[in-house]
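Each chain is listed here by its residues.
There are 4 protein chains.
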Amino acid sequence: MAGNSFGELFRFTTWGESHGPAIGVVVDGVPSKIPLAATEIQYWLDRRKPGQSKFTTQRRESDRVEILSGVFEGMTTGTPVSLLIRNEDQRSKDYGEIKDLYRPGHADYTYDVKYGIRDYRGGGRSSARETACRVAAGAIARKVLGSEVRITGYLVQIGADAIDRARFDPAEIERNPFWCPDAEAAVRWEEQLTAVRKAGSSVGAIVEVVASGVPAGLGEPVYDKLDADLAKAMMSINAVKGVEIGAGFAAAALRGEENADEIRMGNDGPRFLSNHAGGILGGISTGQDIVVRFAVKPTSSLLIPRKTIDRHGNETEIVTKGRHDPCVGIRAVPVGEAMMACVLADHLLRHRGIYGGR
Amino acid sequence: MAGNSFGELFRFTTWGESHGPAIGVVVDGVPSKIPLAATEIQYWLDRRKPGQSKFTTQRRESDRVEILSGVFEGMTTGTPVSLLIRNEDQRSKDYGEIKDLYRPGHADYTYDVKYGIRDYRGGGRSSARETACRVAAGAIARKVLGSEVRITGYLVQIGADAIDRARFDPAEIERNPFWCPDAEAAVRWEEQLTAVRKAGSSVGAIVEVVASGVPAGLGEPVYDKLDADLAKAMMSINAVKGVEIGAGFAAAALRGEENADEIRMGNDGPRFLSNHAGGILGGISTGQDIVVRFAVKPTSSLLIPRKTIDRHGNETEIVTKGRHDPCVGIRAVPVGEAMMACVLADHLLRHRGIYGGR
Amino acid sequence: MAGNSFGELFRFTTWGESHGPAIGVVVDGVPSKIPLAATEIQYWLDRRKPGQSKFTTQRRESDRVEILSGVFEGMTTGTPVSLLIRNEDQRSKDYGEIKDLYRPGHADYTYDVKYGIRDYRGGGRSSARETACRVAAGAIARKVLGSEVRITGYLVQIGADAIDRARFDPAEIERNPFWCPDAEAAVRWEEQLTAVRKAGSSVGAIVEVVASGVPAGLGEPVYDKLDADLAKAMMSINAVKGVEIGAGFAAAALRGEENADEIRMGNDGPRFLSNHAGGILGGISTGQDIVVRFAVKPTSSLLIPRKTIDRHGNETEIVTKGRHDPCVGIRAVPVGEAMMACVLADHLLRHRGIYGGR
Amino acid sequence: MAGNSFGELFRFTTWGESHGPAIGVVVDGVPSKIPLAATEIQYWLDRRKPGQSKFTTQRRESDRVEILSGVFEGMTTGTPVSLLIRNEDQRSKDYGEIKDLYRPGHADYTYDVKYGIRDYRGGGRSSARETACRVAAGAIARKVLGSEVRITGYLVQIGADAIDRARFDPAEIERNPFWCPDAEAAVRWEEQLTAVRKAGSSVGAIVEVVASGVPAGLGEPVYDKLDADLAKAMMSINAVKGVEIGAGFAAAALRGEENADEIRMGNDGPRFLSNHAGGILGGISTGQDIVVRFAVKPTSSLLIPRKTIDRHGNETEIVTKGRHDPCVGIRAVPVGEAMMACVLADHLLRHRGIYGGR
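Protein chains in written order, with the numbering used here: chain C, 75 to 432; chain R, 75 to 432; chain S, 75 to 432; chain Z, 75 to 432.
Because the hints were derived from the structure by calculation, they are not lab data.
There could be a bad hint or two in this list.
It does not matter which identical chain is used: a pair holds within one copy or between any two.
Stated by the list, open to error - Lysine-lysine pairs mimicking DSS-like chemistry, simulated, CA-CA at most 30 Å apart: (1) LYS272 - LYS123; (2) LYS395 - LYS272; (3) LYS128 - LYS107; (4) LYS272 - LYS107; (5) LYS217 - LYS272.
If you're wondering where the values come from, they're calculated on a predicted model, not measured in any experiment.
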C-alpha cells in the first residue's frame with residue numbers, strides 16, 4: 075500500500091536507501107523444497123552490478139548478497155526469504171553541494187513535497203540502487219518458474235539508433251557491454267556513448283524482454299491481466315516512460331486483418347502464424363513468447379548546467395558531478411528480466427491457486 | 075486477486091458478462107457526504123454508450139444505471155456504492171455459428187485454456203461491455219477528486235494518421251464523433267473509417283488522456299508509482315497494447331539535457347519549463363499536467379475471412395458477423411478518462427492516509 | 075481496505091443497506107466448472123431467513139437470490155459471481171421516532187462519528203441483514219470445498235444456560251428452532267426465550283461451528299494463520315464479542331501435559347488422542363475437526379427504556395419498538411457456518427497456489 | 075498472502091527463523107518526519123526479552139535492534155523502516171535428539187505436512203522468537219499513534235488463578251515478573267510457577283490489553299471491523315487460543331439491558347455509563363478504552379514424557395529438554411500491546427485516508 079511491495083502470492087518487499095548501510099528484499103510466497111544457494115542469486119546480481127564497463131556508473135559495489143532466512147540445508151522452507159546487500163561505496167560527500175537543490179528530471183522535488191524531507195544522499199530511495207533488490211527477487215522467481223521458462227532481455231535502441239532485426243543474433247547479447255543482439259549496432263553504440271559520456275550528457279534506450287516456455291492460461295482478467303501487471307512492473311523501474319506488448323504502439327497503424335494472429339494446428343496444440351499479440355490475449359498467456367518493450371529516458375544527472383531552484387525557492391543552475399550512467403537503459407536490462415520473472419511467478423501461483431493444475 | 079477489482083483505498087469490483095442479464099460495479103472506499111445522483115454517473119456513461127455514430131458498434135444499449143446502495147438522501151454514506159446496468163440488446167444468436175471457433179486476436183482461446191469453459195456469447199467477460207462499469211466507477215472517482223482536477227481524453231491518431239499538434243483545439247474534441255482535437259484530422263478520419271467499415275476491416279488508434287489540477291505529491295514509490303499504476307490501469311483496458319507517460323517512447327531518442335524539465339520559480343511554487351516527465355517524477359506527481367497515451371489495437375472482429383481452428387483442433391476459416399466497432403479506440407476515450415480518475419482518487423486517499431493533509 | 079470485502083484468493087464483497095432497495099455480494103476467485111444453481115444458494119439462505127419462529131425477528135423477507143453473473147449453462151465460468159437479494163419488508167417508518175437518537179449498544183453513534191451521516195433506517199449497513207450475503211457467499215464456498223468438508227454449527231449456550239455435552243445429538247440440531255444439539259436444553263431455552271421476549275429484553279448466546287474433513291496443511295503462518303483468519307471472520311459477525319478455538323479460554327487453566335494433544339499412528343496418518351488444539355497447530359490445520367466457538371451479545375434493541383442522547387447532545391431515554399430478535403445468536407449459526415466455509419475455501423486456494431497439490 | 079505481513083496502510087513484514095542468523099521486520103507505511111531512534115525500539119524489545127526472570131526461557135539474547143533504512147538524521151523519511159536483530163544464542167544442538175519427532179502441541183507436524191520440510195532447529199519460523207519483530211513494529215506504531223494513545227497490557231490469570239479486580243493497581247504491573255496488577259495474586263503466581271517449573275510442566279494464562287485515548291471513529295465495517303482486526307492480531311500470536319472484546323464471552327449470559335452501555339453527555343462529548351462493548355460498537359471505536367483479552371495455552375515443551383510419532387510413522391515418547399517458558403503467557407504481554415498498537419496505527423491511517431481529518 076505504501077508502495078514497497080510487488081506481487082500477490084509471490085510477493086516481495088524491498089527496503090534501503092542508496093547511501094544507507096544496506097539494502098534488502100524480503101520474498102514471501104516462495105514454495106518450499108526449491109534448491110537455492112546465494113551463488114545463484116549472486117549470478118544475476120553480478121550481471122546488473124555497476125562499474126562493469128565505462129558505460130555504466132563507476133560506483134564500486136560488490137553487491138554481495140546474504141541469505142538471512144527461508145533457506146535451510148540448501149532448500150527453501152516456505153518461509154520468507156530475506157536477502158541483505160551491504161552498501162560499500164556510499165560516497166555521500168559527492169552530493170554535498172547539491173544538498174538543497176532540486177535536480178531537474180530527478181525525484182528530488184517530488185519526494186520533498188510528498189515527505190517533507192530531503193534525503194540528499196544520492197536519491198535515497200529513488201536511486202536505481204534499489205533495482206539490485208529486484209534482480210535478487212527475480213533470481214528466486216526464476217527458480218519458482220523452473221527451467222522451461224527462459225527470460226532474455228536486450229537493448230533494441232540507444233538514442234535514436236535501433237538495431238536491425240535482420241541481424242538479430244541471441245549469442246551476440248552477451249558479447250558486448252550493451253546487451254545488444256546486433257553486432258553492428260553494438261559498434262555504433264560504443265562510439266555514440268563514448269561521445270555522450272565525454273559531453274557529460276546522457277541518452278535513452280529501449281529494452282526488449284522475451285519470455286519463452288510460458289504455459290498458456292496465466293493472467294487474471296479483468297484488472298490483473300498479465301499485460302497490465304507487466305506494464306506496471308516495467309513502468310515501476312526507474313526512468314521508464316513507456317511500455318508496450320507485442321506490436322505495441324505500432325498496432326495502432328495496423329488493420330485488424332494484419333494484426334490478429336491467425337491460428338493453425340501444431341503438433342502439440344494451436345500454432346499462431348504471427349505474434350502481434352506478444353503472447354497475451356485478453357490478458358491471458360497464449361503459450362507463445364511473451365514480448366515486452368520499455369523505453370528508458372536519458373539519465374538526468376548531467377555535467378551540463380541546467381536551470382533549477384533550491385528548497386527555498388531561489389533560482390540557480392545545477393551540474394551533477396557524481397558517478398552516473400551515460401545510458402541507464404543498459405543496466406535496466408537485467409532489471410526488466412527480473413520483473414518479468416516476478417510477474418510470471420506470481421501469476422503462475424495465482425492461476426494454480428484458483429484453477430489448480432501445474 | 076482473481077482480477078476483477080482495481081485500486082486499494084478507492085477500490086472497485088466489476089462483474090457481469092456481455093450477454094448475461096446485467097453488469098455492475100461495487101465501489102468501496104467512497105468518502106461519505108459527497109453529493110451523488112444517478113444522473114451524474116449517467117452523464118459519463120452516455121459518452122461511452124455504443125451506437126452513437128456509425129463508427130461504433132450498432133449494439134443498442136440504453137446503459138441506464140441504478141444506484142442500489144451507498145447513497146442516502148442524495149449523499150454518499152461511506153458504505154459501498156453498488157451500481158447496476160441491465161443488458162438489453164444481448165442478441166446472442168449472432169454468435170451461434172462461431173460457438174466452437176477461436177476468433178484470432180480475441181480471448182476465446184485463452185479463456186478456454188484457463189477456465190476450461192467456452193462462454194461463446196460474444197466475449198462474455200472479455201467483452202468491451204465491461205468498460206461501462208469502469209466509466210461508472212470513474213464518475214464517482216471524479217466526485218472524490220473534486221472539481222479542481224479536470225480530466226480530458228481524446229484521440230491523437232487513427233490508423234497511421236496522427237493529428238497535427240499545431241491545430242490542437244480542445245473545443246473541437248466534442249464536435250466530432252472521434253474525440254479529435256484537430257478539425258482537419260477529423261475530416262480525414264471520417265473518410266478513412268468509412269472505407270475501413272465498408273471493407274469489413276478495422277483500424278487501431280492512439281488515445282491521450284490529460285489530468286490537470288492534480289496536486290503534487292501523489293504516488294507511492296517504489297512499486298506503486300503513480301505512472302506504474304496508470305500503466306496498469308490503461309493496459310487493463312480491452313485491446314490496449316502500449317502505454318506511455320509524457321515524452322514516452324520518444325524519450326529514448328532524447329539527450330538528458332533535452333529531456334529533463336528545467337525548473338524556475340512561479341507565483342505559487344516551482345514552474346517547469348517543459349513537461350517531458352508527463353507530470354510525474356520518481357513516481358510522484360509534480361503538480362504539472364499528468365499526460366498518458368495508450369495504443370489500441372484494431373478490433374479483431376472482421377468480415378474478412380481469417381484462418382483459425384475450432385475447439386476440437388480442426389483448421390478452418392472465420393468471419394465475425396456480429397455488430398462491431400471499426401475503431402474500438404474511439405470508445406476507449408471515456409474509459410481511459412475513467413481509469414485516470416480512479417487511479418488519481420485512489421492515490422489521493424492513500425497519500426492522505428499515510429501522510430495526512432488535504 | 076474500506077472493509078466490505080473478505081478473503082484473498084476466494085474473495086467476496088458485500089453491499090447494501092437494511093432498508094435500501096437490495097443487498098448483494100460479488101464473489102471473485104470462484105474456480106470454473108463447478109455446477110452451481112440459485113437453488114443451492116437459496117437452501118442456505120432459507121436457513122438464516124428471519125421470521126421462521128417466534129424467536130427471531132418478525133421481519134418478512136423471502137430472501138430470494140438471483141445469480142446475475144459468473145454462471146453459464148449451470149456451471150461457474152471463473153468470472154465473478156454476482157448475487158442480488160431484493161429487500162421487500164423495509165418498513166423504515168418503524169425507525170422514524172428514533173431518527174436522531176443513538177441506540178445504546180448499537181453502531182448509531184460510531185457510524186455518525188465516522189461518516190458524519192446518520193442513516194437512521196434500521197442500522198443501514200450495520201444491520202444483521204448484511205449477513206444474508208455472507209450466507210450466500212458461504213454457499214459458494216462450500217461448493218469450492220467439495221463434499222468431503224462438512225461444516226456444522228449449533229448453539230451451545232443461551233444466556234447462562236449451556237448444553238450438556240453428554241446429551242450431544244447431532245440429529246437434534248435440526249429439530250428445534252435453536253440449532254440446539256441437546257434436546258433437554260432446547261426445552262429450557264424455549265421457556266427462557268419466551269420470558270425474555272415478553273419482557274422486551276434479549277439474551278446472548280454461544281455458537282460452536284465444527285468443520286470436519288478439512289485436509290491437513292491449510293493456513294498461512296505467521297499472520298494469516300487459519301485460526302487468526304477464523305477469529306477475524308467470526309468477530310466480524312454482528313454482535314460477536316469473543317472467539318475461541320478448541321479448548322479456547324479454558325486452555326489457560328490447563329497444564330501443558332493436559333493440553334498438548336498426544337499423537338499415535340492411525341490407519342491413514344497421525345491420529346491425535348484429543349483435540350484441545352481445535353484442529354489447528356501453528357496456524358495450520360492438522361486434519362482433525364476444526365472447532366470454533368463465538369459469543370454473541372444480547373441484542374441491544376429493547377422495549378425496556380434506556381438512557382441515551384440525541385445527535386444534538388440532549389439527554390433522553392429510548393425504547394426500540396422495531397421487529398427484533400430476542401436472541402440474535404440463533405440466526406448467527408448459519409452465518410458462522412458460512413464464514414467457516416469462506417475462510418477454508420480461501421485457504422484451500424492459497425495453499426494450492428503456493429504449494430501445489432489438491 | 076503467504077502470511078508474513080500484517081496491516082494495510084501501516085504494514086509490516088517479518089522474517090527469520092529462531093535458529094537462523096537473524097530475524098527482522100520491514101515496516102512500510104510509516105509517515106515521514108517522526109523522530110525515531112533505535113533506543114526507542116530497544117526499550118520495548120527489552121521488556122519482551124527472554125531470560126529476565128526464572129519464569130521465562132533462559133535463552134540468552136541481547137535482542138539488539140539495528141535500523142537499516144527509513145530513518146535519516148533521526149527522523150523517519152516515509153520509506154520502509156528495516157529492522158534487524160541478530161540471533162546470538164541459537165544452540166540448535168539442543169534440538170538434535172528430537173529432530174525427527176513431532177512434538178505434541180507444537181507446529182512440527184503441520185509444518186511438515188504443509189511444506190514437506192522439517193526445520194528441526196527449535197520451531198524455526200513457528201517459534202515465539204518471531205514475536206520480537208512484532209514488538210519492534212509495535213514500537214514504531216506507538217510513535218505513529220502519538221502520545222495521547224496509551225496501551226497497557228497485563229496478566230489477569232495464570233492457570234486457574236485470576237486476579238481480584240478490586241485490588242487492581244496499575245503501578246503494580248511493573249513491580250513483579252508477571253505484569254500482574256494485583257500484588258497478592260503475584261505472590262501466589264510465584265509459588266505456583268515455581269512448582270510448575272520444577273515439575274517440568276507449564277501453565278496457561280489470560281492477558282488483557284487496554285488502549286486509552288483512542289479517538290472515536292476508527293475501524294472499517296463490515297469485514298475490517300476494529301474488533302475483527304484485533305481478534306486476528308491477537309489470535310496470530312503464538313499459543314493464543316481465544317480472544318474477547320469488552321464483556322466478551324460473559325456477554326452471552328447478560329440481558330440486553332445489562333449489556334448495552336447507556337449514554338449521557340459528558341464535558342467533551344458522549345459519556346458511556348459502562349464499557350461492556352470494550353470501546354467498540356459496530357466495529358468502530360467509541361472513544362472509550364479499547365479492552366481486549368486473550369487466552370494463552372500452556373507451552374507444549376515439557377519435561378514430562380508424552381506420546382508421539384516420528385516422521386516415519388513410528389510411535390514413541392518425547393521429552394523436550396530445551397530452554398522454555400513455564401508460562402509463555404508472561405512474554406505475550408508486550409506482544410499483545412504491540413499488536414494493539416499496530417492495529418490502531420493501521421486503522422488510524424486508513425480512516426484518515428478515506429475520511430480525512432486528524
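At 30 Å max between alpha carbons, let me know whether LYS272 reaches LYS123 within a copy, between copies, both or neither.
-> The answer is within: 22 Å in one copy meets 30 Å, while 56 Å across copies does not.
When no copy is named, should LYS272 and LYS107 be tagged within, between, both, or neither for a Cα gap of at most 30 Å?
-> Cα proximity of LYS272 and LYS107: none, with 50 Å in one copy and 40 Å across.
If the cutoff is 30 Å on CA atoms, where do LYS395 and LYS272 land: within, between, both or neither? Let me know, please.
-> within (13 Å within a copy, 60 Å between copies)
Within a copy, between copies, both or neither: where do LYS128 and LYS107 come within 30 Å Cα-Cα?
-> neither (41 Å within a copy, 39 Å between copies)
LYS217 and LYS272: within-copy, between-copy, both or neither at 30 Å Cα | neither (41 Å within a copy, 49 Å between copies)
In terms of the numbered hints stated before, the structure departs from hints 3, 4, 5, listed from lowest to highest.
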